[in-house]
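The task is simple: from the sequences and hints, build the whole structure.
Residue numbers (the numbering used here), protein chains in the order written: chain W, 1 to 114; chain S, 1001 to 1116.
Hints may be right or wrong, so weigh each one.
[Claimed, not checked] Okay, derived cross-link-like pairs now, DSS-like style, lysine-lysine, Cα gap no bigger than 27 Å in a straight line:
hint, chain 1, residue 1, chain 2, residue 2
1, W, 49, W, 61
2, W, 49, W, 68
3, S, 1057, S, 1013
4, S, 1001, W, 61
5, W, 113, W, 61
6, W, 49, S, 1057
7, S, 1013, W, 49
[What the hints assert, rightly or not] For each label pair, taking beta carbons as the anchor points, the in silico distance ranges come out as:
hint, chain 1, residue 1, chain 2, residue 2, range
8, S, 1017, W, 70, 45 to 53 Å
9, S, 1022, W, 20, 35 to 43 Å
10, W, 62, S, 1016, 42 to 50 Å
11, W, 109, S, 1003, 19 to 27 Å
12, W, 54, S, 1084, 24 to 32 Å
13, W, 54, S, 1012, 41 to 49 Å
14, S, 1084, W, 42, 20 to 28 Å
It should be emphasised that the hints constitute simulated quantities derived from the structure, not laboratory data. None of the values given here were measured: they were computed from a predicted structure. All C-beta atoms in this analysis are idealised placements derived from N, C-alpha and C, irrespective of residue type, glycine included.
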Amino acid sequence: AQSVTQPDIHITVSEGASLELRCNYSYGATPYLFWYVQSPGQGLQLLLKYFSGDTLVQGIKGFEAEFKRSQSSFNLRKPSVHWSDAAEYFCAVGAGNAGNMLTFGGGTRLMVKP
Amino acid sequence: KAGVTQTPRYLIKTRGQQVTLSCSPISGHRSVSWYQQTPGQGLQFLFEYFSETQRNKGNFPGRFSGRQFSNSRSEMNVSTLELGDSALYLCASSSSKEGRSYNEQFFGPGTRLTVL
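This is the structure we're talking about:
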């Protein structure tokens, strides 16, 4: 069975600083990987996804993520954080042979200092 | 295109009651999945429906059930509510094809269920 770990429960960064959110997954085959963002009281918005090919993927709102098979990681990055990025971020893995079931990490809550 | 809609947005029930939540997927999407989100357990997969058939099921008791209609709209039902069922219930739709290749999911705003 697949699993996802997000080691950082809370992260605080200053506005304009760079950001990296960590995600480690466990899955026997090539995973489908996703980052979602959730603002308070809202549903989940897809930031980016990795299915295959180039291991550096670009997403919306200036986010990118790099798939590293050797480290079983899919870390999310942004070069310059804006106050509006404050939210909770979820990494998820989907197994290609299991329909659309997603396994989520516990989430990382991002706070942005002015 | 309109996004995924869920009704109602908020619901308050008492223990022992049952509840039905509704989800309308994005037009043309045939796969609907349901997730439960709680502070303690995080986001957990409940079940997925595709073409009116349950395709996947998570590890939840039989009190949790669902169905999908011919227009792809889906409902989930929770019977004999417990305090621990208080959660945000999220629905997601996908344009998944007949084969089990993964497709990205689009989430609705959720239904906040409070059980007293």
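Cross-check of the supplied hints:
Note on residue 49(W) and residue 61(W): the hinted pairing holds, with a Cα-Cα distance of about 14 Å set against a maximum of 27 Å. At most 27 Å may separate the alpha-carbon atoms for a hinted pair to count; residue 49(W) and residue 68(W) meet this at roughly 14 Å. Distance hint between residue 1057(S) and residue 1013(S) is fulfilled; the C-alpha atoms sit about 25 Å from each other, no more than 27 Å. Between residue 1001(S) and residue 61(W) the CA atoms are separated by roughly 21 Å; this keeps the pair inside 27 Å, and the hint holds.
With a C-alpha separation of about 18 Å, the suggested pairing of residue 113(W) with residue 61(W) holds against the 27 Å cut-off. With a CA separation close to 23 Å, the supplied pair residue 49(W) and residue 1057(S) stays within the 27 Å bound. For the hint linking residue 1013(S) to residue 49(W), the alpha-carbon distance of about 37 Å lies beyond 27 Å, and the restraint is violated. Under the hint 45 to 53 Å, the C-beta atoms of residue 1017(S) and residue 70(W), about 51 Å apart, fit the expected range.
One distance hint, 35 to 43 Å for the beta-carbon pair residue 1022(S) and residue 20(W), holds here, with the actual separation near 39 Å. Between residue 62(W) and residue 1016(S) the C-beta distance comes to about 48 Å, which sits within the given range of 42 to 50 Å. Residue 109(W) and residue 1003(S) have their C-beta atoms about 24 Å apart, which keeps the hinted 19 to 27 Å range intact. Between residue 54(W) and residue 1084(S) the C-beta distance comes to about 43 Å, which lies outside the given range of 24 to 32 Å.
At about 48 Å, the CB distance of residue 54(W) to residue 1012(S) agrees with the hint of 41 to 49 Å. Checked against the hint of 20 to 28 Å, the pair residue 1084(S) and residue 42(W) passes, with Cβ atoms roughly 23 Å apart.
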